[in-house]
Each structure stands twice: as structure tokens, then as C-alpha cells.
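J.: Each chain is listed here by its residues.
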Amino acid sequence: MGKYTVRRLLQMIPVILGVTFLIYAMVYALPGDPTAGKCGERPCPPTFVAEFRERYNLNDPLWMQYVKYLGNLLQGDFGTSQYGVPIREELVERFGVTLKLGIVALAFEAIIGILAGILAGLRRNGFFDNLVLVSTLFVISVPIFVTGNVLQLWIGVNLGWVPPTVSSEAPWNELLLPGFVLGSTSLAYLARLMRTNLGDNIKSDYVRTAHAKGLPERRVIGIHTLRNSMIPIVTFLGYDFGGLLGGAVITEGIFNIPGVGQYVFRAIGDRDGGVVVGTVTALVLVFLLANLLVDLVYGYLDPRISHD
Amino acid sequence: MTESVPPDLMVETTEKAPEGEPSKLVVRSLRQDAWRELRAKPLFWVSAFIIAVFVLMAVAPGLFTNTDPREAVLSEFSKAPDGENWFGRDRQGYDIYSRCIYGARASILVGLLATIGTAALGSVLGLIAGYAGGAVDGIISRVSEIFFALPLILGAIIILYTLRGDDDGYFWIIGQVVVVLVVLGWPGIFRLMRSSVLQIKPNDYVQAARALGASPTRISFKHILPNAVGPVIVVTTINLGAYISAEAALSFLGIGLRPPTVSWGVMISDATQSMRSAPWTLWFPAAFLSIAVLGFIMLGDVVRDAFDPKSRAR
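Protein chains in written order, with this note's numbering: chain X, 1 to 308; chain Z, 1 to 314.
Simulated from the structure, these hints should not be mistaken for lab results. Think of the CB as a built atom: it goes at the ideal place given N, C-alpha and C, for glycine as much as any other residue. One thing to keep in mind: the hints can contain errors.
What the hints assert, rightly or not - Below, a list of computed lysine-lysine pairs in the DSBU-like style, where the Cα atoms sit at most 35 Å apart:
(1) Z:K79 - Z:K222
(2) X:K203 - Z:K41
(3) X:K203 - Z:K201
(4) X:K3 - X:K68
(5) X:K3 - Z:K201
(6) X:K203 - X:K213
(7) Z:K201 - Z:K222
(8) X:K203 - X:K100
(9) X:K68 - X:K100
What the hints assert, rightly or not - Short derived list, chain Z residues pointing at chain X, Cβ under 7 Å:
(10) A48
(11) I51
(12) L154
(13) F252
(14) L294
Construct the entire structure; sequences and hints are all you get.
T.: Laid out in C-alpha cells, this is it:
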């Protein structure tokens, strides 16, 4: 296990270097004037251009720029936004909010998704099974920004059950609706995954053996079938958490949640390259670490998979 | 899941021949089998019909409406749906029905081009990596891991942020979104193709072709590709709907398609400004988008079942 962890960590290094280089090179190195549009409708004054190029090391060759940027990153320095605010401070503050949103989304996903999947999988082709199949198909087809806007209009504005936007402290109760929206697509996939797994496992030999031994139904389903069906579900949830944090851009934009996603969303509008690169890099790192964690935990969950 | 689809397309199915030809075995390839399976499913015809309607809309929008989608009647802005403007007008005074019809072209174009692009790039690289092995495989696989690590929305933000200019034309705006989806989408197809090729390479008929002196190109394209392409077909069908949805999401964020391109994502993005006073500006493009995505996802579902012999046995 220890060996495997080390190997996976080492394997991640080239990926992280590659991804950060890709992001960096795309924003700063492509042809075009990086200061274009920074000074309103007129061209930037030469002093501003000189200062800008100096600040982002644009006078160095690309690899040198990248090495310098990476060096700063390793020291926890993400640079400053075009308004001079350090990106790291902003990120730390906003990350808590995005994390809360991700947890709410994951909770909805896990509770509703697993329950719906179990109920559907236990009675294949029954009424509830068909209901779950049709409703998940519906949820998957409606894009998340449509769901978000419609629910915001309907529940937030017309019915007035929850505030349509989130205030700056982002309390848990205000995050319920956005969290549900963020998790809705994954919820549908999870319910379908649970249904398929359960349906396949119920037909397996060890379940038939358990029945033949005369075990009560509750034990056969609850212990023998469910536990085995949960392994892919737990990994799905783990991988999805990283994806949820990255995908929060849209939800945070709609509900005006002061999280990391909204920061990127605004930076695109402001054409603030430093913020875009820094934030996306941070989110990708979180995404990669979350995936790594799931891979490591997988071995504990399923003893059949040996890491050594 | 999709990985479990056996790559060997030439699974032979034996079945009793129709009456009149006693005891003759009918041998069909998996592809013919899949087509038979598809034809029998009502869901296939429903999704095919939905897709056909949207493709017709994309090719010949004039069949559905005579109104110019760019004709703004500002005096009738945010007009509610009535007999004259079936879906009402948006806050710019555009006719929503006409824009919904014309919006199909951008979405279908992006979906199709992105699907073809990822399938072509991923398949060719997967074929090369799987067939050549060794250092070539190592390099392509590492590069694919880097692109695989970028989540779609975040990667798209970065790429589109750099690509977009202020006065891009219709096709380059669409092209940018296609480029993004292909650049971020190929590793999935690549992995699938590579593993299929690795399974097929040791087969006897590949060895035989090599012994007969066939060139690597010929072996790859004549012997391996046709047998490895099954899982790729399934996944690309499913991806089509996902790409249309992703295009709309990027347009909604303001980095995908944008005016003068008429698209459902752009309409929905615009509708968020006016949905409280004029909710119909949101409903109709959202419905068109969702139904189109639904059509492609349903098609993907039935195609997957048809290509998966395991699900057929039940």
C-alpha cells in the first residue's frame, strides 16, 4: 500500500507539471497583446505595458516565465489580480464557500441518488423503476444552467421559499437550492449506476447461496447485496466531488455565490489573465488530489484489488 | 459500463433460418445484429425522429419559419406569446420562435463536428499507441493524461479565453467551441481505442496478415480498426448529446458561441436578464435545447444496448 501511494504520487508529478504548463502557456504565450483591452478603449500607455510585462516576467523566454511562475506557486504565491489584490487570499476565502456548496451537492446526490437507485434496482421493471429511469433521463437532458435558472425563477422568485441569490456569508440554508442544482445531473447518473449494480448483484451466485442458506431477506439484501453494490458508488462520489468543485462555475454564476467559480466567472468578464490562470490551476490541483485520494481509498473498500 | 463492450465485432450469431430453407445457419456480424436489435426498439425510432427534425431545422430553417431571426422589432420587446409570434419576442424584439429554429444549426453543427473530431483524433492516436507500443505509446499516453486531467468547463475557459477575438466570423466562433471540445474530449476515445487495439493485436488473423507481409498501415486500418471501432461508436453516440449540452453551457458562460451566432445557449444566457418579467424568453430555448439533448442521449442508450451482447441475453 505504501509503495503504491508513493508510485501514484510520483506519477502525478508529470501530469501536474504538464497541466500547469498547458494552462500557463495558453493564457500568456499565445500570439496577441496581453495588455489589449486592459486600459479601456484606448491603447495602454508604454509605462503600463512595461510594468505589466515586468510583473508577469513576459520579457523572459516562455520556459523561464513558467519556471518562475511555478516557483512562486510552490511558495504559495498565486500572483495578484489586475486590481492588485493577492489571488491567494481571495482563493482561500472563497474556497470555503465552494467547499460548502460541494458538500451540500454531494449530500443531495448521495442520499436521493442511492435511495432512488436501490428502490428501482430491487424491483426491475416495476412502477418505481420506470419512474426513476424516465425522471433521470429527463434530469440528464436538461442542462444544469437551465435547471438552475428555472428553479431560481420558480422556487426563489415566484414561490419565495428560498432567497433567489446567496448572501456574502453563504449560510447553509441558502446553499440548499444551488447545491441541489449543482448535484442534480450527478444524482441522476448515480441513481442509474446504483440501479444497474444492484440489479446485477441480485442475480449473482453468492446472493443465491445466501438465499439457499435460509438467511432472512433483510440480511441478504442489506448485507450481501448492498455492500457489494456500494463499491462503485463510493468511487463515483469521490471522483465526482472534484468535478463538482470545478463545475461550480455555472451554479455560482447563476446564484451569485461568492465562491471560487464566481471568481473565475468574473475574471473572464474582466479579462484578468492572472486570476484565470491561478484559480483554474488551483481547482485542477484539487481535482487531481481528490482523484488520487479515491484511488487510494479504493484498495481499502475492495480487498480484491491489490495495490502491491 | 461501456468499457465492457467486447471489441470483437465479428461475433457470430447463429439462428434458425426462415422457413423454407431448412437447417441453414445464418451468420451475422455484430454490426448487422446491432442494427436488427435497433430496428425493433420503439425508443430508437422516437429518438431518430427527434434528431431528424432537428437536423432538418439545421439544414433548412426556411421550412419552419419565414421570419428573419435577426429582425428586431424593438417596439414589441418582451411581447408575450400570441397568434402572431407563437413564442413571443425577447427583450431585443427578436421573434423567439424563429430564433429557436435557426439556433438548431449552431448546436447540431458543434455537436457533429466535435463528435467527428474527437472520434477521429482519439481513434487514430489510440490505434498508433496501441499498435506501436513502447516509447510511442508511453509518450501519447502521458500527453493524454495531461489533457484528461483538465475538467471540461475549466479547460474550456482557459482555451476559449485565449482563442476568442473581438470580430470573429460565424464559422470561426463555432470552430473555437469545436476545437475546445475536441482538445479536451479526445483522451476518452483514445483510451477506449487503445485498449481495444491491445486486445485485438494478438489475434491470429492479425498475425496471419503480418506473416503475409502486410504493411503496418494496412494491418491497422484493414484488420484492426474495423474490429476495434465498436466501443468507439457507442461512446461517440452518447457524447453527441453531451457536446451539445456543453456548447450551450459555454455559451451561457459568455465564452462559447455569441452574437451574431444564433444559438440556444446564447438565447438562454440573454433570457436570464429578462426571465422575471418575461419568462417565455427562457422556456422556449430551454425546451428546444433539452429535447435535442434528450434525443441524442436516448439514441446513445439504445445504441449501447444494441452493441452490448450481454444486455441482449436477458
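J.: Confirm or reject each hint.
T.: For each hint, the structure was consulted:
no. : hint            : result
1   : Z:K79 - Z:K222  : violated, 59 Å
2   : X:K203 - Z:K41  : holds, 25 Å
3   : X:K203 - Z:K201 : holds, 34 Å
4   : X:K3 - X:K68    : holds, 32 Å
5   : X:K3 - Z:K201   : holds, 32 Å
6   : X:K203 - X:K213 : holds, 16 Å
7   : Z:K201 - Z:K222 : holds, 13 Å
8   : X:K203 - X:K100 : violated, 39 Å
9   : X:K68 - X:K100  : holds, 33 Å
10  : A48             : violated, 16 Å
11  : I51             : violated, 13 Å
12  : L154            : holds, 5 Å
13  : F252            : holds, 5 Å
14  : L294            : holds, 4 Å
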